[in-house]
Amino acid sequence: MEMNRRQMLALAVAAATVPVLSACAGDTRQQRQAAAPTKSGVPTLDPNRPGNDTWPFAEAEQLNNSLTWPKTDVADPASKVTLTVAITADVIAEVRNAQFDFFFHKRHPNIEIKRETSPFDAYLTKYMTQAAGGSMPDVIYTHYSWAQNFIANDIFQPLDEYIAKTPEFDKQDLPVNALGYYERDGKLFGLPTDMAPKLLFYNKDIFDKAGEKYPDESWTVEKMMAVAKKLTSGSGAEKIYGFTPMLLPEPDITPRALMQYGGRYLNADESASLISQPEAQKVMGMWLDLLNKDKAVPSLAELNQVLAKVEPFKVGHAAMTINGAWILTELAKQKAFTWGAAPTPKGPKGRFTPVIGSALAMYAKSPQKDAAWIYLNEYLSSTGQQFRRISAPARQSAWKPNAEALGIPQDVVETVKTAMKEYGTGDGVLKLPANKKVVETAKPIWERVMIGKTDLASGLKEITDKITPLLAENKIA
Amino acid sequence: MSGVAAVLSRRGQHTLARREARRFHLFVSPWVIGFVLFTGGPILASIAISFTHWNLLRSPTWAGLANYQKMVNDPEFWDSIGNTFYFGLGAVSLGVVFTFALALLLNQPLRFQGLFRTVMYLPSVVSGVATALLWLNILHPDFGLINKLLALVGVSGPPWLGSTEWAMPALILMSVWGAGNTIVIYLAGLQGIPKTLYEAAEIDGASWWRRFWSVTVPMMSPVIFFNVVTGFIASIQAYTLILIMTEGGPANSTMVLGLYIYRQAFVFFDMGYAAALSWAMFLIVIVVTLIQFGLARRWVHYEFH
Amino acid sequence: MLVETKAAPDLRRPGRATMTSGQAERVRRAQRAGAYVLLIAATGVFLLPFLWMVTTSLKSDAENLAFPPEFLPSSFHFENYARGWSGSLPFTRFLVNTIVITALSMAGNLISCVLPAYAFARMRARLGAFLFALMLGTMMIPREITLVPKYILFAKLGWVDTYLPLIVPEFFGVALYIFLLRQFFTTIPQELIDAARIDGASEWRILWKIMLPLSKPALAAIMLFSFVGNWNQYLESVIYLRTTEKFTIPLGLGMFSGQYATQYNQMMAVSIVAMMPIVVLFFIAQKTFIRGVTLTGIAGR
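Residue numbers (this note's numbering), protein chains in the order written: chain L, 1 to 477; chain Y, 478 to 782; chain H, 783 to 1083.
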């Protein structure tokens, strides 16, 4: 049974030689793969023809050839440059991005793309650490909530000059109500890649069963809550919630729930808390009743499932949810229930919905800004977003073709477009540097209110007291 | 080998002692060189950082004692210390006893011993995501395994991770369950006990219980000591499990110091404050460890003094 | 570094010469049965996450999201393994990278931990206690706080997007492993060392011929921890490795979770494949945890 020292030595030697051998083997395998890219059964990857089951190379090639790529007056570099592009993607998007870069390089032979992909959860840690080391990639992905911090610290390059050099750049095709995330002192520092409004999604099966009429544009917040209460049923594993998730003091709470009643979380320049004002307090109280009196939304204990990214609505256990249009891809794929999307309900002060997303920016100290612009211009153009088939493209003209390709119903696309144009807004969504601190500070206090350890008024006052000193950071920025 | 050794040898009185010291320095040199090259610098830097405001995007600015003042007046910091000790004491005391018992069991010459041992080790290597998903389901208030079992005996179970009272016990339970490494260390340690000691005890007619207390425990004491010391250090620093399971909630009831530091550093990017908190944590850990080294004289049995 | 000696290990079960009565035999049998019952019960609890991984890995994409989750899939989707492994990311490549990093780091750990541990355990020197305390001190500083200064250091050296930041520091000792080995070295009877010294053996020889052979279980434990630690290393890999071709398996696994949805089935399939080497290594390492292997021939202490 026991291993003697000779065996242990052999094991150690074996362990040390494996990498050397396999490193040698690695190259030959790659060559072989290039020669014979498809073996039956097991999918293989070929760097010279990037693609897989989801994104076959042939389809990408055909699509690429059928699209017209945008032009700019910014000239291609005269000699070879390497452009480092930092983005976030999952396994699915990664393959499509590889295809985009492949064809981009064909169009611009002097621009070599070095793509750095990270999972979303690790992205910010990775690049903030790199920034501390004094450098950044040439092209940088940014979430809307990070952008102002980067801008305030001179990491991003203003893009207005480059936009001016690109006559066919159609700014009106972008969601102009929500470019504020990337603006400062009248300059634009980032261009959105995805941007979507939140909509009222509903489970048709649950509505049909109860004989309720589907939500439409006539709905008010009170109506939504009344129906949510009515559609709540069952318990334990059979529980159906009328609505999910519970309202939390999250970055977009202002246009999501408060503006409808004339309330706000913070004032416009994010320097003062307004959450304990009567308008906001009224709304928070309504939701608290829906949670504790009517039990129509998941409680703190039940909400834990969200951590596993299993949202009750997505698995057919909630009649309604207000969520970003980016869940459309997932909804379109599932077969468990039928669903619809309606405008968010209106309140006495009107109809609002947050529009949020993410963007790409250019590093202010990048040595190859022209090449970076050429990449940004194409990646973020309507053509680029159509090629990438993303579900919530920032370019409004890409919504229709992408929705068709992804199997998203056209009536839903119309609902999205109306929201983007008419009542969707970035106003009130927390975006200045203190936003994370504000959210994380308020959360435990609101949780105490949710479980009844603090009453509504004193909870909201405590939030105001605790976050007010944090807001000073927004003024410095 | 080094200037240090040279200085020492000049001062040395006894040739033998000098030779031993020189050899000592040669032997510890891998670690010392590594400390000088890779570890020491960043540690010193973190002391300096704690006296600055630094958001990573701009050069740090001098803050004096501001971060430490902020810390002293930060109720969340003090709360997190309480939570840290709750978690640490729970996880270590339960863990040491439970894993030791399991290791003793796994040390019995039974059939399928290797298989049993491998299974007990599994929780510490399976993917963190799988572990989290599994426990979220086991602890679910309505259809979770634990509450279903409790319902069978007529007890209505708590909402576990959703409750401020029960979230921490649930996390402690999880951490004990994933302590495969501690079992491995105990198993390794158990092999070092000369069987002649057991034979002698048996001849004296000592019961199993007596042999356990008079042979196993004293002979294992350096290993138990190691597990207690490193267990405390690890659980005072712990945050990954808690980050995945509760993010410090509900209502900050599981916000331990490690998670608080992580949040200041990599969610808020307030490096100065995070560094100050880290040194506070260092102080706590070192006090706890010194107390343990002090107590160790009473119960840890070394062959070499 | 491990030299063959003739210290023939004793594989016999511990003999219990004095026990003869049938009653004692019955007690022993009952104890054994009890041990089995306990072990089998514990096995259920400990095997659960692994079974969970297996069943999840076989579920269809739609079933991944079922609520409440079903333990068993309604149909078995073995293709998740092929899809996960090479459907979108080159996991074979990642496996090779992971092996390279892990093997080198493990070798580095073993070499660089044994010597300091021996010195701390058995040698007297003026600075001994100070250095030992310093080493323990480094364990007490949270890793997150030295992460950024370390990155800046390695970036200045031009080591970003190479394996060097992950491997080179591993050749300079790991405080935890040194401490562990030192504890084991302290349990080895002083008589053995004194006897060897009287015979004129050098410190190297004492280490080679006495300490290491007698600490085999501890060495196996360290090898195991080092392997698992490097194999699953995530945070530093994320920060230092940039090009997808250089990714390790944990980084590849991270990419199964997107911003809005996670492909649990493929993620679990790849995770299972990726943890197999650890399971095999553990199975081999635990074989050294057999009583009676080491301290033979020092009876009558």
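Hint data in this document are derived by calculation from the structure and do not stem from the laboratory. A portion of the hints provided could be inaccurate.
Stated by the list, open to error - Listed next, with one range per pair, are the computed distances between beta-carbon atoms: (1) L:D160 - H:V1062: 41 to 49 Å; (2) Y:F575 - H:L1017: 25 to 33 Å; (3) Y:F575 - H:T1025: 29 to 37 Å; (4) Y:A543 - L:E59: 54 to 62 Å; (5) Y:R775 - H:E973: 18 to 26 Å; (6) L:K475 - Y:V744: 46 to 54 Å.
Unchecked claim - Reference listing, derived: stretches of chain H covered by chain L, where coverage requires no fewer than 3 residues with Cβ under 8 Å from a Cβ of chain L: (7) 1023-1035; (8) 1040-1053.
To be verified - In silico DSS-like links for lysine-lysine, alpha-carbon gap of 27 Å or less: (9) L:K365 - H:K1069; (10) L:K443 - L:K282; (11) L:K114 - H:K938; (12) L:K229 - L:K171; (13) L:K436 - Y:K547; (14) H:K1028 - L:K106; (15) L:K293 - L:K365; (16) L:K80 - H:K938; (17) L:K223 - L:K282; (18) L:K106 - L:K293; (19) Y:K625 - L:K443; (20) L:K187 - L:K213; (21) L:K239 - Y:K625; (22) L:K293 - L:K335; (23) H:K1028 - L:K80; (24) L:K475 - Y:K547.
Computed from a prediction, not measured in an experiment: that's the story for all the values here. Glycine included, each C-beta is placed from N, C-alpha and C at the ideal position.
Checked hints:
no., hint, result
1, L:D160 - H:V1062: 41 to 49 Å, "violated (59 Å)"
2, Y:F575 - H:L1017: 25 to 33 Å, "holds (28 Å)"
3, Y:F575 - H:T1025: 29 to 37 Å, "violated (44 Å)"
4, Y:A543 - L:E59: 54 to 62 Å, "holds (58 Å)"
5, Y:R775 - H:E973: 18 to 26 Å, "holds (25 Å)"
6, L:K475 - Y:V744: 46 to 54 Å, "violated (21 Å)"
7, 1023-1035, "holds (count 3)"
8, 1040-1053, "holds (count 7)"
9, L:K365 - H:K1069, "violated (57 Å)"
10, L:K443 - L:K282, "holds (18 Å)"
11, L:K114 - H:K938, "holds (20 Å)"
12, L:K229 - L:K171, "violated (43 Å)"
13, L:K436 - Y:K547, "holds (19 Å)"
14, H:K1028 - L:K106, "holds (24 Å)"
15, L:K293 - L:K365, "violated (56 Å)"
16, L:K80 - H:K938, "holds (25 Å)"
17, L:K223 - L:K282, "holds (16 Å)"
18, L:K106 - L:K293, "violated (62 Å)"
19, Y:K625 - L:K443, "violated (30 Å)"
20, L:K187 - L:K213, "violated (46 Å)"
21, L:K239 - Y:K625, "holds (16 Å)"
22, L:K293 - L:K335, "violated (33 Å)"
23, H:K1028 - L:K80, "holds (23 Å)"
24, L:K475 - Y:K547, "holds (20 Å)"
The earlier numbered hints that this structure contradicts are 1, 3, 6, 9, 12, 15, 18, 19, 20, 22.
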